[in-house]
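Undergrad: Take a look at the letters that make up each chain.
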Amino acid sequence: MTTSTRDADTPAAHTAKTEANPAADAGRNQCLQLRGRLAASRVVLAAALAVAVLAGGLMLFGAYRLTSDESAQNHALTDREATEEVSGEVGDALAKVFSYTPDGVRATELDARRLLRGEAATQYRRLYGQLRKRVTEQKLTLTTRVVHTGVVSLDDHRARLLVFLDQTSTRDGDQPSTAAAQLAVTAERRGGEWRIVRLAAR
Amino acid sequence: MRERVRALVRPSKDPVLAAAVALLVAALCFAAWGGWSWHAAADDGARAYGESRDRALSAAEQGVQNLNTLDHRNVAHGLSTWQQSTTGELRKQLADGRGEFERQVKAAKTVTSAEVLSAALYELDERAGRAGAVVAVRTTVNAPKQKPTTKDTRMRCELSRTSGGWKLSALAQVPVGDSAGESGPGASRQDQGED
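Line by line, the protein sequences give chains D and A.
Start counting the first sequence at 1; every next residue gets the next number (the working numbering).
Start counting the second sequence at 1; every next residue gets the next number (the working numbering).
Warning: the hint list may mix true and false statements.
[Unchecked claim] Which chain D residues stay away from chain A? Per the calculated CB distances, all over 10 Å, these:
no., residue
1, Asp79
2, Asp103
3, Tyr124
4, Tyr128
5, Gln130
6, Leu142
[Stated by the list, open to error] A partial selection of chain D residues facing chain A, derived with a Cβ cut-off under 8 Å:
no., residue
7, Val43
8, Ala48
9, Leu49
10, Thr78
11, Gln182
12, Ala184
[What the hints assert, rightly or not] Covered by chain A, according to a simulated footprint, are these stretches of chain D (three or more residues, beta-carbon under 8 Å):
no., stretch
13, 34-42
14, 145-155
Derived by calculation from the structure, the hints in this document are not laboratory data.
The C-beta atom is built at its ideal place from N, Cα and C for all residues, glycine as well.
With the hints as extra help, turn the sequences into a complete structure.
TA: Right, dumping it as structure tokens:
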């Protein structure tokens, strides 16, 4: 509108100049408008991007925190089957390696070799090495029975347990005597079977 | 007109803008994934069960330690702690025996402290609010003119969930020769006073 009124008053030379301008002006305006719109959409886009990435990141972090905390990583009792399996296998292993008879020294040794690993194996060899001779000479027997088992922590490869044992020992025809034992046991899963790697009296 | 249309259409042909839109879609997908993972993690029943387990276990440890700790110089406080750590039948037993017990401990002038060596839950019924734990505990008894005596004890306890959190409802030593699961800790008794 303003252009047309201005057009009417201006001299020819000017008119020629201004007449060339409307198209350029319109182009420039459009360009500016477009640029403005582009700039605005860029800001919106950037903001949306930032919000989406931030929100996604925060929620993922939240999920990670929830699933990676100690409580979620520990499958003791939450995975009933695995808990029973490790309790059973570790209990059986303890009963086997801590039971012997004068005639079954070799069998106990073989069981220990199979069921114990690492530190527990070393510890056991040292102990049993001293005991072995006396077992046959003095006709000692030891029977170990699992009284209670609790799984402290459990994941796919490693478990910690607290096991209460009753150990009944006899020396060649003497009255048997029973003693209580509490063991903190660390077991590792090797080739699908639980093996005891650490034993500590509690 | 055609110019305008072209100008309007042009942005989508702008490779930068196209990339930005693609990026935004990717970011939205990322956000959706994050939201889904978070929801799945928060809604996980096993996780809630695991948290219950950990709370019950720490209550068992704290409770067993509390019930094996008593100072003759401050029996009232110690016995209040016992009351706070227990519920149900065990709480009643302790309350019933409180007077007699207080007299005994004051006469013997013993200071008993406890350290939980290891503990684990062996059962947890979250819906019923019941749990069972095994605890290995070391108690030290100081009596006047006597050397302190240290004793390692294995205990079994039962817990119940109350409005004030998990509390001990039964506690007993696991005696030698006890067959698993046979002697319930129903007949719980503290051996606190014996020196």
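Undergrad: Each hint should be assessed against the structure and marked as holding or not.
TA: Here's how the hints hold up against the structure:
no. : hint    : result
1   : Asp79   : 8 Å, violated
2   : Asp103  : 26 Å, holds
3   : Tyr124  : 20 Å, holds
4   : Tyr128  : 23 Å, holds
5   : Gln130  : 23 Å, holds
6   : Leu142  : 14 Å, holds
7   : Val43   : 11 Å, violated
8   : Ala48   : 6 Å, holds
9   : Leu49   : 5 Å, holds
10  : Thr78   : 5 Å, holds
11  : Gln182  : 4 Å, holds
12  : Ala184  : 5 Å, holds
13  : 34-42   : holds (count 5)
14  : 145-155 : holds (count 7)
The structure does not agree with the numbered hints 1, 7 stated previously, though it agrees with the rest.
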